[in-house]
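Student: What follows is the residue order along each chain.
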Amino acid sequence: GNSVTQMEGPVTLSEEAFLTINCTYTATGYPSLFWYVQYPGEGLQLLLKATKADDKGSNKGFEATYRKETTSFHLEKGSVQVSDSAVYFCALSVPMNRDDKIIFGKGTRLHILP
Amino acid sequence: SAVISQKPSRDICQRGTSLTIQCQVDSQVTMMFWYRQQPGQSLTLIATANQGSEATYESGFVIDKFPISRPNLTFSTLTVSNMSPEDSSIYLCSAEGFGYTFGSGTRLTVV
Chain R
1 GNSVTQMEGP VTLSEEAFLT INCTYTATGY PSLFWYVQYP GEGLQLLLKA
51 TKADDKGSNK GFEATYRKET TSFHLEKGSV QVSDSAVYFC ALSVPMNRDD
101 KIIFGKGTRL HILP
Chain L
1 SAVISQKPSR DICQRGTSLT IQCQVDSQVT MMFWYRQQPG QSLTLIATAN
51 QGSEATYESG FVIDKFPISR PNLTFSTLTV SNMSPEDSSI YLCSAEGFGY
101 TFGSGTRLTV V
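For the record, the sequence lines run as chains R and L.
This note's numbering puts the first residue of the first sequence at 1, with every later residue one more than the last.
This note's numbering puts the first residue of the second sequence at 1, with every later residue one more than the last.
You may find that some hints are simply not true.
Said to hold, decoys possible - Straight-line Cα separation of at most 27 Å, DSSO-like style, residue types lysine-lysine; simulated pairs:
(1) L/Lys7 with R/Lys106
(2) R/Lys106 with L/Lys65
(3) R/Lys68 with R/Lys52
(4) R/Lys106 with R/Lys52
(5) R/Lys77 with R/Lys106
(6) R/Lys56 with R/Lys106
Claimed, not checked - Anything over 10 Å on all C-beta distances counts as not near chain R; from chain L, calculated:
(7) Gly16
(8) Leu19
(9) Thr20
(10) Gln24
(11) Leu45
(12) Val62
(13) Arg70
(14) Asn72
(15) Phe75
(16) Pro85
(17) Val110
Since the hints were made in silico from the structure, they are not lab data.
No experiment lies behind these values; they were computed from the predicted model shown.
A virtual CB, placed ideally from N, CA and C, is assigned to each residue, including glycine.
Next up, chain R with everything else stripped away, as it sits in the complex (with noise of 0.2 Å):
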C-alpha cells in the first residue's frame, strides 16, 4: 500500500541554522508528492509540491526534490527563522487511484530558537 515515513521530532535549531527534514514514501504507480505546514493554532497550508522524478518544488525558501531512486523527498532550508516554527507534514497522493486522496506523514514539529 501506500504510505509515508518522515523523521520524528521535535527538531530544535538555533536561527539561521540548516535544516533538513527526511521524508520516504512507498508507493503504487507515479505519486505525487507534497509538503505542508501547519503553524500553532491554524490549519494546513501546502508549502510545495513536485509530480514527477526529479522536480523540485519550492517555496519560502524551502526546496524539496522528488528523488525516485531512493524514494525520497527532502525537506529543506538553508537559513530557518523563528517563524518557520510549525508541525511539517509530507504526504504523496496517487492520482490514478479510484478515490485519489492524499496519504499523510505523522508530522514534524519544528522548533527555531532565536
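Using the hints provided, position chain L relative to the given structure of chain R.
Tutor: The following block gives chain L in isolation, referenced to the frame of chain R:
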C-alpha cells in the same frame, strides 16, 4: 487553487450532542475530503464526498457517527454525532485540485 471557508473555527460541546461543520469552496470541485487530526497526531481521512452520491468512509469511520452531506459542487457538511470526549480533535475539510486545498479547521472540544 480553490479557497475553502470552514466554520465554526472552534466549539466546545457537551457529550451526547451533535455538531455540524460546514465547508464552502469558492469554485466547483468534484471531490471533497474530511479529515480528523487528534491532538498531536497526523491527519486521518474520515471520508470522501462526491456530489450526488453517498460518501465513501474509511475503515473505522461509519455514517451513523459522521454523516456527510454534499448537496452541490461547492459545499459539504460533516456532522459529529452523539459526541464523547474521544471526539475532541481538529476536523478539516479538503477539496481536490492539485495540492488539495484545506480549510482552516474546526477545533472541537467535547466536555
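Student: Against the structure shown, which of the earlier numbered hints fail to hold, in ascending order?
Tutor: 11
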